[in-house]
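A.B. asks: For reference, the chains in residue letters:
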Amino acid sequence: MSDELVLEMRSIRKEFPGVVANDDVSFDVRRGEVHALLGENGAGKSTLMNILYGLYRPDAGEIRLNGKPVSFGSASDAIDAGIGMVHQHFMLIPVMTVAENVVLGTEPVKDGFLLDEGAAERRVAEMAKTFKFAVEPGALVEDIGVGQQQRVEIMKALYRNADILILDEPTAVLTPQESSDLFEILRTLRREGISIIFISHKLNEVLEIADRITVLRRGKTIETVPREGATEESLARAMVGREVLLRVDKQPAEAGDVLLSVQDLHVRDDRGIEKVRGVSLEVRAGEIVGMAGVDGNGQTELIEALTGLRRAESGRIEVGGRELHHASTRDVLDAGLGHIPEDRQRRGLVLEFSLAENVALHDYALPPDSKWGWLFPKRLVERARRLIEEFDVRGGGPFTPAGALSGGNQQKLVAAREISRDPKALIAAQPTRGLDVGAIEYLHRRLVTERDEGRAILLVSLELDEILSLSDRILVIYEGKIVGEHTGEVSEEQIGFEMVGVQRKAPAA
Amino acid sequence: MTAWGQGLENPVSERLRDPASTGYVAIFLGALAAFLAIPPIEARSPTWPIAIGIVAIALGIWTATRGRRRLGWGAAVAGLLGIGLGILATRSGTGNLETVFDTTLIAQTFGLATPLVFGAIAGMFSERSGVVNIGLEGMMLMGAFWGLYGSDRGGTWVVGLLLGMASGGLLALVLAFFAIHLRADQIVAGFAINFLALGITGYFFQQFYNGQVTGNISVVPNLHIAGLGNFFEGSIGDLSILTWASFVLVILAYVVLFKTPVGLRIRACGEHPRAADTVGINVYLVRYCCVVLSGLLVAIGGVYLSLGPQGNGTFIFNITSGKGFIALAAMIFGNWRPAGAFAAALLFGFSSALALKLQVYSSQAATLFQILPYVLTLVALAGVIGRTVAPAADGKPYAKQ
Amino acid sequence: MSEPKRDLVESPEEAASSGTLAARLSLSHRAGGIAVPVATVVLAFLLGGLVVLATGHNPLTAYHDIFNGAGLNWIFHPATSTTQSAAAYNLSQTLLVATTLILTGLAVAFAFRCGMFNIGGQGQYLVGIVVANWLGVNFAGLSLLPHALIAIVGATLAGAAWAGIAGVLKATTGAHEVISTIMLNYIAIYTASWLFGDGGPLQNSTQPTVPISNPVSSSAQLPVIWGTKGFQGLDIGFLIAIAALVVFWALINRTTLGYEVRAVGFNPEAAAYGGINVKKNIIRAMAISGAFAGLAGALDMLGYLYQYGQLDVAVSQIGFTGIAVALLGRNTAVGVFLASLLFGGLFYGTTQGLSSNVIQPELATNLTYIIQGLVVLFIGADILILYLWNSRKRLRARRPPAQTPAKATTA
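Protein chains in written order, with numbering that gives the first Met the number 0: chain A, 0 to 508; chain B, 0 to 400; chain C, 0 to 410.
Because the hints were derived from the structure by calculation, they are not lab data. A quick note: this is a predicted structure, and the numbers were derived from the prediction, not measured. Hints are supplied without guarantee of correctness; some may be wrong.
[As the list claims (entries may be wrong)] Mimicking SDA-like on lysine to any residue, the simulated pairs with C-alpha atoms at most 20 angstroms apart in a straight line are:
hint : chain 1 : residue 1 : chain 2 : residue 2
1    : A       : 109       : B       : 254
2    : C       : 278       : A       : 327
3    : B       : 258       : A       : 112
4    : C       : 278       : A       : 122
5    : C       : 279       : A       : 310
6    : B       : 258       : A       : 93
7    : A       : 109       : B       : 261
8    : A       : 109       : B       : 262
9    : B       : 258       : A       : 121
10   : C       : 279       : A       : 372
11   : C       : 278       : A       : 310
12   : A       : 109       : B       : 69
13   : C       : 279       : A       : 249
14   : A       : 109       : B       : 250
15   : C       : 279       : A       : 325
16   : A       : 109       : B       : 256
17   : A       : 109       : B       : 251
18   : B       : 356       : C       : 190
19   : A       : 370       : C       : 190
20   : A       : 480       : A       : 221
21   : C       : 279       : A       : 308
22   : A       : 377       : C       : 252
23   : B       : 258       : A       : 94
24   : A       : 109       : B       : 253
25   : A       : 480       : A       : 272
26   : A       : 109       : B       : 259
27   : C       : 279       : A       : 330
28   : A       : 377       : C       : 254
29   : B       : 258       : A       : 122
30   : C       : 278       : A       : 269
31   : C       : 278       : A       : 113
32   : A       : 249       : A       : 448
33   : B       : 356       : C       : 276
34   : C       : 278       : A       : 308
35   : B       : 258       : A       : 116
36   : B       : 258       : A       : 113
37   : A       : 370       : C       : 207
38   : C       : 279       : A       : 216
39   : A       : 109       : B       : 255
Next up, chain A with everything else stripped away, as it sits in the complex (with noise of 0.2 angstroms):
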């Protein structure tokens, strides 16, 4: 590693509608070393590098290469200029070999306008070679696992000439071994002059690879700082602050009867990986009971499960003393449970559909909105009303398409649905996911207000603050097991490190 400076991202600034995703974020990178990016979900890490990639044009601020200025209008534009990206989410062809999708569009050729297939492999293998990436050129991508479909992704931009690279959150989707493997092949890279961007929220993994570690907070860079002398502690604080933007003002929980038990809960996900890996959980009345972690760790798959959207592999769900077992969404509504998803746009309303319409969503078949399958739209609308003035929905009336309300007003209503049918126990989701102050504060209060009803509440968040001022008890998911449960006086610091998994070491460590 040289002292010499590749690039420099100077005061950047980027606001989206209703956020400043990045405010005066300044970042610079050496060459021929890692330099990992670190900072909790919705830091603004993404958003810096898809500005750095040309996928957005900062607001203001200045991105220097080499010392020279540069502005880039699209990925190409970065591409060219020698930045390569491997996304999340793999820009890659499944059906093809290896060697294609690394020389698709600068394929080589032979006889005047033939693929030349040999050259391409011989290409892609000496790469593998001098990398030391062990993967098959003549492998169907679909084939390989998701550590060598990375590869082939890093492949992509060497052979493009990229010396500097972003990978994004590249360990999210690997398991130990195949991330211990990835930082081998980054060690390489790093040997070969190659700088590399590496962006997580996983303190052991920054400690391990990087040579210089930028924190981001609230969209906003808190400190640049050598890998020697940082420690967990040090990187967990300034990741994840002191500040504590929301207090609730609530009693003490006076749980009751369980309302909601799991017992060794497996889940798959699509693509058959075991995500939720033996949960047990009990929720009472009268309590809320906060799942905090890391996004990706099972939470998703458990809610599904537990509302019938899925089938789970093993274990027993029980809702108010109710089994139930490989039961449909309709038989989850029935016995009590409420659910306010994560993704209110995707499931949690039909868009087109009116509010009213919305508001029956589970009951439309029931009395009395409807009686022998004759629907009774005036009693949908009365309750659709009754419902937007109880829970202050604002920016329409029973009418209005779902789709013209604004989020928070979307996220009141999904939530006063699924509380006016009375649930035993309610799973709310990521509640206040991209909503305003005002409409944080106000489903924030309403949990309270239901838990002190006596219902049971499982809220699952990836704001460490929410769970924070509103659990009763909190339980730490990572990798599909519950690593740590609080009840009374618990740090963040505490649980923001079990979230990254710093109770047990790294294996690969």
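We have chain A; now place chains B and C onto it with these hints.
C.D. replies: This is chains B and C only, laid out in the frame that chain A set:
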């Protein structure tokens, strides 16, 4: 709208995903076809052995294009053998059959398959680039009419061929514009194209010919090959040059799509346009070119209908009557691959040739063989057996970031 | 992933690139209201007129003739002179065509509402024709009501079953309904052609060389409500079609079944979250869709065709026209009704010996197909609709800044 191959998850086919099962069923059916004709069952008419044999061949093609090449083609051969043995065994009693099963049946199979081959290959270019082409039928119809008109006015079939292709290409350009730039639903737009072609060709047919073509019109010549012996002269000694051209096209399509950088880029646009875009490929340009090429090619199939040996310089309203759709079916059947589509087109052509020949003495059997391609496609499409892999982005409009 | 989720009002662009077909079509409601279909029709007629003009005919006279040929002049002078009775007759014939189009249009519209594209209306219609003919020819001993009823119900159920195949295939194996209904169309066409053809089971019993069916017995023929039976008067089937419109409207808007259909059509994932069985709805919606088309076949057969031949099978396109009707009619009952009248008028109006001889009926018939194709082409183009939407937004956006300074000065 979701792409062709996608849909709800399919627990049935999940279990039967290995295409080998289809191959074994095909071999069994091939044997069954022969078995039906010999004692103790001793079917008198060859209809059933042939029908079962065709199903066996179809399953064989299906298997072969979905990963089990040797087993699949083996199964197809088993089906062919089954048909042959079935015919041999039933032949003895009935003199009538001799008139059906002769070398002209082979010639007719090639003849009837020709427009299907052009259509299937044409559809393949469009769909491999990510644009579903339901409008094949209409583009073929345009080729048929304007080919005839060009030959009539230009005095030679060459002018007809060029005008026919141009008309198909032009209509394809309309589809491309709506599907790519206006991001219309590709199926709705393709469907509209078919109606448009029906109206345009009908209108001008009435305007120029009053609904009836009279007089001599230069037609596409046949290629006479002598000195091959009776069998080959009867079967391939007198085929249209467009039929030979369709054979060449299959090979060319294979080379272009799978052996050149251009083909790699086309397929990339159909599989993952965003990935293609990020490495600097102009997705819109590729799709435009492919859709227009698709129109040019399928129109040749149309020209064959009006100026080939069957049309022989005539045109009737809606002359294609669904051939564009069977071509589409052949393409799907062949799993978007040239060889598979070619085999499926031949099989469907064979079925139609049988239907024509059998018309004289058994309308049931004729109907059976007419329907068979559609039924086979329906069953195949259900994906109960093996997997249909449409290009992943087929049918999805692409919006640049 | 870690990007803050922006909660903007969902833009039509997003809906267009991500939504289901039903969602995409619904955006046209928001985008342009009645303006889009009207503009579409006008544009299609203009382009069709250009073709007429280019081939040396006067488009205005041609359209005027088609208008009169459809009997629409009757509306302006419903007196009873000789020309007026001709106009009345023409109008009754237009309504007869509209009857079929209403039902084939509803068939397509119902499937659309559930997010599916039923191209198989033609096949389902033919299945209805065949079954209605078979039931209408047999059971001659029955009296009118039960006989006609049996034939109608039988044909309707047959249409439902035929479309249901595509529904079952989609729900169980994921087969795309467009391809499967196209295949089912041709299977129906060839089967019907064989049934009515020489030596076919449903061929007539008196003329063995004519490939046409027996006429349905008089006990199954529907009563005529306007005109005379011998001259193909308007039968009660028209009223049944109107009733079907009401049923469609009620089913979609006033029943839990319709609620499920619409929810699945707009957003299957949200529907599943709401506790709706998506697969069941796919099958059921397809079957109901086919029932409408089967009913269309039954009413045609029992109302005025009475018999059907191989040639009719070959040239019939009425089931396909249902697609244009549904798309133009925005998949609503009222829209389908209006679009049926338009296409019914076009179809019948162009088959007449047109009074001024400006354009032959054969030419005019094909003009109808051209217009139909153009209508479908334009209505399916999101961006055209988006353009209208955006220009409206631009207009709205332009107004406020003009007001703000004015306020500032007065304040």
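A.B. asks: Evaluate each hint against the coordinates.
C.D. replies: Hints versus structure:
1. A/109 - B/254: Given pair residue 109 of chain A, residue 254 of chain B holds - Cα atoms ~13 angstroms apart, limit 20 angstroms.
2. C/278 - A/327: holds (13 angstroms)
3. B/258 - A/112: Cα-Cα ~9 angstroms, so holds.
4. C/278 - A/122: violated (49 angstroms)
5. C/279 - A/310: Distance ~19 angstroms between residue 279 of chain C and residue 310 of chain A Cα, so the pair holds.
6. B/258 - A/93: holds (18 angstroms)
7. A/109 - B/261: holds (13 angstroms)
8. A/109 - B/262: It holds: about 14 angstroms lies between the C-alpha atoms, which stays within 20 angstroms.
9. B/258 - A/121: holds (17 angstroms)
10. C/279 - A/372: holds (16 angstroms)
11. C/278 - A/310: holds (16 angstroms)
12. A/109 - B/69: Cα-Cα ~30 angstroms, so violated.
13. C/279 - A/249: At roughly 46 angstroms apart (the allowed maximum being 20 angstroms), residue 249 of chain A and residue 279 of chain C break the hint.
14. A/109 - B/250: Answer holds: residue 109 of chain A to residue 250 of chain B is near 19 angstroms, not above 20 angstroms.
15. C/279 - A/325: Roughly 18 angstroms between the alpha carbons, so the hint for residue 279 of chain C and residue 325 of chain A holds.
16. A/109 - B/256: holds (16 angstroms)
17. A/109 - B/251: OK: residue 109 of chain A and residue 251 of chain B at ~17 angstroms, within 20 angstroms.
18. B/356 - C/190: holds (18 angstroms)
19. A/370 - C/190: violated (43 angstroms)
20. A/480 - A/221: violated (31 angstroms)
21. C/279 - A/308: holds (16 angstroms)
22. A/377 - C/252: It holds: about 12 angstroms lies between the C-alpha atoms, which stays within 20 angstroms.
23. B/258 - A/94: Holds. Residue 258 of chain B to residue 94 of chain A sits at ~15 angstroms (cutoff 20 angstroms).
24. A/109 - B/253: Holds. Residue 109 of chain A to residue 253 of chain B sits at ~17 angstroms (cutoff 20 angstroms).
25. A/480 - A/272: Distance of about 14 angstroms is within 20 angstroms: holds.
26. A/109 - B/259: Holds, at roughly 9 angstroms.
27. C/279 - A/330: It holds: about 16 angstroms lies between the C-alpha atoms, which stays within 20 angstroms.
28. A/377 - C/254: holds (13 angstroms)
29. B/258 - A/122: holds (18 angstroms)
30. C/278 - A/269: Distance of about 19 angstroms is within 20 angstroms: holds.
31. C/278 - A/113: With Cα atoms ~47 angstroms apart, residue 278 of chain C and residue 113 of chain A exceed 20 angstroms; violated.
32. A/249 - A/448: Since the Cα atoms of residue 249 of chain A and residue 448 of chain A sit roughly 9 angstroms apart, the hinted pair holds (cutoff 20 angstroms).
33. B/356 - C/276: Not OK: residue 356 of chain B and residue 276 of chain C at ~49 angstroms, beyond 20 angstroms, violated.
34. C/278 - A/308: With Cα atoms ~14 angstroms apart, residue 278 of chain C and residue 308 of chain A stay inside 20 angstroms; holds.
35. B/258 - A/116: Holds, at about 8 angstroms.
36. B/258 - A/113: Distance ~6 angstroms between residue 258 of chain B and residue 113 of chain A Cα, so the pair holds.
37. A/370 - C/207: Violated: residue 370 of chain A and residue 207 of chain C sit about 56 angstroms apart, past 20 angstroms.
38. C/279 - A/216: violated (48 angstroms)
39. A/109 - B/255: Holds, at roughly 14 angstroms.
Hint compliance for this structure: hints 4, 12, 13, 19, 20, 31, 33, 37 and 38 are not met, and every other hint is.
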